[in-house]
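Q: Sequence:
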Amino acid sequence: MSAFPRVAVLGAVMATASACVTINIYFPAAAAEKAADRIIEDVWQLGEGETPTIRPQPDGEAK
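Residue numbers for the sequence shown, in mature numbering (1 follows the signal peptide of the UniProt record, and there is no 0): -19 to -1, 1 to 44.
If you're looking for bench data, these hints aren't it; they were derived computationally from the structure. Treat the hints loosely; a few may be bogus.
What the hints assert, rightly or not - Computed cross-link-like contacts, SDA-like style, restricted to lysine to any residue with a CA-CA straight-line distance of at most 20 Å:
1. 15 - 36
2. 15 - 25
3. 15 - 37
4. 15 - -13
5. 15 - -1
Work the whole structure out from these sequences, hints included.
A: Below is the structure:
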């Protein structure tokens, strides 16, 4: 068997194997909903001329 068919078969096998890989990313919907609720509360509570305050996150960092 010459080099070209061997490389072609190897390439086809690798392409088929890589096509079967699936990456699942799970988005924390509950955390996103909680953050959205907090943003909405902040927006509704701001009066004219007031500046928004930064609340610390549960992990202790201000964002």
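Q: Hint by hint, work out which the structure violates, then give me just those numbers in ascending order.
A: 4 and 5
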